[in-house]
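*Asks:* So the chains spell out like this:
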Amino acid sequence: MSTVRIIPCLDVKDGHIVKGVNFVGLRNVGDPVAQAKVYDQAGADELCFLDISASAEGKETMYDVISATADSVFLPLTVGGGVSQVLDYQRLLSCGADKVSVNSAALNDPNLIAEASQRFGAQCVVVAIDVKTVDGVWKVFSHGGRRETAWQALDWAQRITALGAGEILLTSMDRDGTGAGFDLALLAAMRQAVTVPIIASGGVGTLQHLVDGVQQGGVDAVLAASIFHFGIHSISEAKRYMANAGITVRPLVNHEG
Amino acid sequence: MKCVIVNHGSGNVRSVFRALEHVAEAHRVLFSNDPDIIANADHLVLPGVGAFSNCMHSLSARPGMLVAIQQQAREHQRPFLGICVGMQLLADYGEEYDGCSGLGWIPGRVKPFDLAKIQDCAIPHMGWSTIVPTRDHPLTHNLPQPAMVYFAHSFVFHAAKPANVWAQATYGKTFGAIVGAQNVVGTQFHPEKSQQVGLALLKNFLNWRP
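If you're matching them up, the sequences are chains D and L in order.
Just so we're aligned: 247 in this note's numbering is position 247 of the first sequence, and the numbers increase by one with no gaps anywhere.
Just so we're aligned: 137 in this note's numbering is position 137 of the second sequence, and the numbers increase by one with no gaps anywhere.
Please keep in mind that the hints were generated in silico from the structure rather than gathered at the bench.
Bear in mind that the values here come from a model prediction, so they are computed numbers and not experimental data.
You may find that some hints are simply not true.
[As the list claims (entries may be wrong)] Among the chain L residues that face chain D by a calculated CB cut under 10 Å, a handful are:
1) 37
2) 85
3) 121
4) 171
5) 198
We treat Cβ as the ideally placed atom computed from N, Cα and C, and that holds for glycine.
Could you build the full structure based on these sequences and the hints that come with them?
*Replies:* Printed below as a string of structure tokens:
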């Protein structure tokens, strides 16, 4: 194993961080660049930015946010939200993103994944999968969770990895924002279905939930927003807790001078 | 002193630029696809993301580029750093997609991680692993501990001679994390994305006088 990554997620709308509960009722919690620096110092292993702006101006602002973050934070950055074509990858990567996460556009045109993977490498092609249980079946939703697709989660995951996706960001819409913990059955089933790294997302309320995601869900990385943004737990607390549970994490490095 | 990052269109050039600029003292850091500028570099950096063959083709597509790089690194013995695919290009051959010849400066082949032998390890290898130097070298002096760095790759450098592997990392099995020969060195990981450890290594590179 590599060390399990802890990835704070910043949902950004028009240049400000927001965090939703079940994708609605957004609360503004601040400046993304300042927050990214705080997470960098705190020992985050990677940062994830999701742009949920609806307007063209909001999307332009995101490029500035990524660029300003990459100026001072020397960590891997994953960026998603509103990515619709190969040009978007190019532009986000040139701002300093290392990985680009795509969701609805890949459902519209799966070839986007193959094209991006060939051009930029599988390691930079993350596919975000939003999953909600419908009649006992894990269904994939697009458009920020508003639209049900015909895909079942595990089938879609196998399709996109065959096309060259290098990582899956798996969100349980049933759990997102509830603090009730990851959907462990979904994570474990996904772990069996694909060989690429899986980032678990949606529902973290306690540090034990992070441990469960790794030990029972078999994921390679855990993503969380609320518990870190609202200061419920720090990243170093999370790492200590996971290390005590026997999970290998990257320890904090002594800072220079 | 000039440190030139070779801009061949497929790398995360700006991130490498920002990190080098962050640690540069005596150096001016710039990125360029102009062979004349590359021919005047004191230190050369070749970043790379994407497929081996894409990278190699974009280097050879630019007139004079390969010659300028060869001249600086091989004839004038300027310190040269390849990052990720930029490191893999130092090999004789890369097997990604249809396969493609590399620069051939360090004997070896770039092959996929063998999934069958790496149980419980997802591919690509994406995340932080410890590098263990196999020799005492200025590049890895005084790195903050633990010396963990960020990897994102599905292919690995199989060096023909153990002497060319300067540091190893383990992900399912042990592989070459840093390869080198005289003034040429390559890192499979991304120092520009590896916080203090990566910045310290880049600073060592700029101070390196092989």
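*Asks:* Would the hint on residue 37 of chain L stand, with a C-beta cut-off of 10 Å toward chain D?
*Replies:* Status violated, d = 20 Å.
*Asks:* Does the closest beta carbon of chain D sit nearer than 10 Å to the beta carbon of residue 85 of chain L?
*Replies:* holds (7 Å)
*Asks:* Taking the closest Cβ pair, is residue 198 of chain L under 10 Å from chain D?
*Replies:* With a minimum Cβ separation of about 6 Å from chain D (threshold 10 Å), the hint on residue 198 of chain L holds.
*Asks:* Return the status of the interface hint for residue 121 of chain L: holds when the least beta-carbon distance to chain D is below 10 Å, violated otherwise.
*Replies:* The hint holds - residue 121 of chain L has a Cβ within 10 Å of chain D, the shortest such distance being about 6 Å.
*Asks:* Closer than 10 Å between Cβ atoms is the bar; does residue 171 of chain L clear it against chain D? Give me holds or violated.
*Replies:* holds (6 Å)
The structure shown violates just one earlier hint, number 1.
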